[in-house]
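Chemist: Could you put the whole structure together from the sequences, leaning on the hints where they help?
Number of protein chains: 2
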Amino acid sequence: MRARNVSQTAAGLARTANIRQSTRIVAPQWKNSMAKLAPGRLMQARTYINVSGVRSEIRDRARGNLGSFVQLRPLSGKPLPQVNSWVVNFCYRAGAWLGISVTVLGLGVVGFFLYDATTYKHEGEQSDINVSQLALQPRRGGPDNLPIAEVFIDDDDCEAKKQNKDKPKLVVLGGGWGGIALLKSLNPDDYHVTVISPTNYFLFTPMLPSATVGTLEFRSLVEPIRRILSRVNGHFIRAKAEDVHFSDKLVEVSQVDSEGKEVRFYVPYDKLVIAVGSVTNPHGVKGLDNAFFLKDINDARKIRNQVIRNLEVACLPTTSDDERKRLLSFVVSGGGPTGVEFAAEMYDLLNEDLTRHFPRLLRNEISVHLIQSRSHILNTYDETVSKYAEDRFARDQVEVLTNSRVKEVCPDKIVFTQKQPDGTLVTKELPAGFVLWSTGVSQTALCQKLAKKLGDVQSNRHALETDTHLRLNGTPLGDVYAIGDCSTVQNNVADHIITFLRTLAWKHGKDPEILQLHFNDWRQVAHDVKKRFPQSVNHLKRLDKLFAEFDKDQSGTLDFGELRELLNQIDSKLTSLPATAQRAHQQGCYLAQKLNKLAHLSEGLSANDIRDGDLDAAAYKAFEYHHLGSLAYIGNSAVFDLGEGWSVAGGLWAVYAWRSVYFAQSVSFRTRCLLAMDWAKRGLFGRDLMSF
Amino acid sequence: MRARNVSQTAAGLARTANIRQSTRIVAPQWKNSMAKLAPGRLMQARTYINVSGVRSEIRDRARGNLGSFVQLRPLSGKPLPQVNSWVVNFCYRAGAWLGISVTVLGLGVVGFFLYDATTYKHEGEQSDINVSQLALQPRRGGPDNLPIAEVFIDDDDCEAKKQNKDKPKLVVLGGGWGGIALLKSLNPDDYHVTVISPTNYFLFTPMLPSATVGTLEFRSLVEPIRRILSRVNGHFIRAKAEDVHFSDKLVEVSQVDSEGKEVRFYVPYDKLVIAVGSVTNPHGVKGLDNAFFLKDINDARKIRNQVIRNLEVACLPTTSDDERKRLLSFVVSGGGPTGVEFAAEMYDLLNEDLTRHFPRLLRNEISVHLIQSRSHILNTYDETVSKYAEDRFARDQVEVLTNSRVKEVCPDKIVFTQKQPDGTLVTKELPAGFVLWSTGVSQTALCQKLAKKLGDVQSNRHALETDTHLRLNGTPLGDVYAIGDCSTVQNNVADHIITFLRTLAWKHGKDPEILQLHFNDWRQVAHDVKKRFPQSVNHLKRLDKLFAEFDKDQSGTLDFGELRELLNQIDSKLTSLPATAQRAHQQGCYLAQKLNKLAHLSEGLSANDIRDGDLDAAAYKAFEYHHLGSLAYIGNSAVFDLGEGWSVAGGLWAVYAWRSVYFAQSVSFRTRCLLAMDWAKRGLFGRDLMSF
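The listed protein sequences derive, respectively, from chains H and F.
If you use my numbering, the first sequence corresponds to residues 1 to 692, in order.
If you use my numbering, the second sequence corresponds to residues 1 to 692, in order.
No lab work stands behind these hints, which were simulated from the structure alone.
Careful: at least some of the hints might be erroneous.
Identical copies look the same in the list; a pair holds intra-copy or inter-copy alike.
Straight-line C-alpha distance at most 25 Å; calculated DSS-like pairs for lysine-lysine [to be verified]:
# : residue 1 : residue 2
1 : K325      : K240
2 : K121      : K387
3 : K121      : K325
4 : K261      : K413
5 : K325      : K161
Modeler: Right, here's the structure in full:
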């Protein structure tokens, strides 16, 4: 029994973990001396005592003498083995852990430096390269006899580009959300891709308000289009699309040359994607040159500089009290996400960073105002969300002026009319040192030109109309697509159903106007409609319900006139997709997938000499928009509208969640790293109030 | 003996480290079975065997039976204890280490988020504050009856500021190297400090060339002056100093108000420090509006945009081959550190990043040219250094044109004359898409105005002259100091010595012109001179040597005429301190130290009603410039001129060393973090070629 204990102890020692097992065999006499040891030394002490016990026991048994241990102790004669205290052991282990960690980290750093060292090129790469003569001196042609860029100077730059040289030419106008989503989902080897855009970077627009006050840096929100293009071995032309000649399949583009002269030329296409986005909607208001916009990086920089300029002028001894209050009155016109987020960021800046180094008087005299034409801010969001945002702003001393329409922006004030609860309009003025104009979007000049060119088929004043396959209405089928803010999907569900029903009625020999529709007929129609207009599914469900009700009461028939009215209502709702990054992104991805399919389909088709017909419908389903929800930052808290009545709003945790969403959606690993760095920077050092 | 071994073994187990000791007692029979174990399992096997040995031995001795272990084995009857293989153990330890590391890192991240969460202020701080009526409505006065900013709106913002309110007013003009060094070394409680500067940030100028091509971000090179000022509880006015009224002790400053109108007012001072820096020297060359400069952040941004614009236009199909070559011809005029570093960074950009995403044709047609008026680039550096730089550039295909003077900068070319080896001047032209002008510095408008106002006492055309205590010559003693590029220290050593010697001569009743100076006399003079002109020490040593030589040959006398000639030579050398950050920094630190001393000295002096006299000389030693060396980046290699003939030049290691120096010199923890991030960014993602 004893022996077994000892063996267990020794094995236990070897494993060190279950050392406590051995306490059982400690003789009572030893317990006293153990008690004298500091409690922390207990584990080692036990080990030691144990071992002595074993040793003594061996001697005892060898001599047949089972006397007490105490008597035997002097016989040992040699000094007690040194044991380490738990402090020493802990330090030893902590040291070991620290040592290993430092070594691993050190190796990481050294590794990074070694990697870094490989990124410096020492020798220039100047080898002979092939450039087509046609690329250097393009032939002229087209309606205006301009140079046609059929071949590019980098068409032979690498093997991949050489292989794509004779593939169908896919030209993308614009490098925004739609264009970039398309590029990121496109197969690399199917098309000769060219992107034409006046800026050579993609801008992550949803976080632009954060950049205006220095929470984020401009460079963290942008990614060079060339870098994104390199995946599909594409080409980039920094120029502005001016016109499209649909019959010649030519895009007319303009660029300012080094002498400041405008140069125009053509870029030919086989497939054209129009994704030029939108411009700020002036709503016919006077004096908008006194206001600031927020569409691109330059706008954001102008805003940042103006805000800091106002703060600096407000500090000067010569600035009067009224003037200081005016300079520090920041007015935002537009209660959509951009306006709300800008107001929130502005408030953060003033509240968190201004007071650190600027005179305290400024903080007291600052005011932020938000002018909204509707009765609530964030009116496209769930009602609870906009209520939350309004409460938050009320607490944060951001003045929200609802039911107000701006009449004029003057250099030193903004004039607006506010609808009173009794319905009367009152004209008011607000001194303003800064006015942001963010009240929705309207068509670009190119889109207006194209819509006019295409005539009656384009009846929407706000965007280019496409069918549900995103093909621009009025252009040769399968040539031209339009995605993103510049486009809208025409869901002519009503027309389609009505035609179908008319046919049905005549077939039954009845006048359609007095047709009583049966539920079974309706199911047939609905099935067909769902396939052609996936967007309408939810609305058709509503009709289903309606029918079910009719079915109960009046044996499943519906009056034709009633039905047409209902369908028209659905139509108008379907046509207005939101002008958001989300929609553009989905359309870009959809189009890329279809183009990928079409590229492989066309091989088979051209083998069979099939060139016409509704290839898009044959190749891929129609576009369907899935609303994934909306979110907005409202000053140390954020709101999420997840659609269908679900919404969340909260404080700091929601802010982190809001950031996480955008972090995940960000365009590249590079921008993600930069975003993380920026947020850490804000936490550590605050926002820097410098203008340049 | 056995027992002792066992006890040692068990103690060894407890310590685990010296477990090998126990192999001795393993019975030979067991060795065979041990051999069957994998070598990696040896340690655990030994432990186990040992323990069994102990167990068996106990039984053996108890029974008085000392038979072999092999016979005893079956008696044990129970399964052998499980031992872990070294792989399992290693994994266990690695897992533990990883676990601890992840936990520590995780805690770090959580800690950071918790800290971050505290940086969001939820409630606005709008408390009542005291603002002097005089700060809101300053009284008018001075030569032009302008408002005088005697009290500031933030004078009562906090306790520290309140305490400094009635301290002597120290006004610093400029927030460059000199001004910032002064602020960083000044005692917080001695002065009411005000900084007046047209920009509200300090710019780390030596790294500006890196920012032009995106190696570094602009924001990594700047630090808000307000943040630096907060240490001394100072005040900042973003305005431009226009004039100084020395008799009224008023600085006249101008600022543009929100309507674009210039507003002027006075800022009173007790002590004024002029540190306004310098402007680019036009050298009277025509067409400089076609060239770019590199003095501030806006210049750097303009350059960055122009470079990228040129690259983009060069990609267009309508750009002819000649035009493309011209657009890609980058010319730098000036072979000093700025010009050389810009050329090097430009070359890096073109070599490392351009080829990644731009057409390869561009790389072949790009050229970088460096025009230098002297016979070598970096001509202020050691000769080996400039030779190294020239060799490096020759290898990197950066064309260095020495002995060349620019005559005119045209929009599409640069015209210069080059001195041929035979001494003739040849006029040459170079097509240029971009011209950088970086050929030294000249005086700002303010300095010119002040020099003119002070009259003959300011005879230097290039800078304001001060005495060795950095007091501006011609102004009331101890009122006005000038430091940095805008100033130069007048070391009138010659005048001083000559006067001294003249006195000496007349005392001896001799004509000074025929005075033969003895070595002992000279030592006396030198002692006095050293104290007043610390800068001259090295030169005086040379004189000492010279004297020693004369001493040997002609019994220690020197001709007065010879001496004067020598002294004048020394003088002219001493007066031209380099226009570098290093000098400005040293002067700023020196002045701060002196002002700290003066503040406490003045208490005693005012108690004794002493107001005049050379307080500066009484309080602190004269300024002495210590040249710590110069360094320059020359394209994946760097050169260090450590002074007195010592110089180092090398490849990548030198680049890292060069960065380390600037990293250490950087103005704040914030900028250091950002610099490190930027360098890591360049390594990971390259430079981003985007313009905005």
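Chemist: Which hints, by number, does the structure contradict?
Modeler: none
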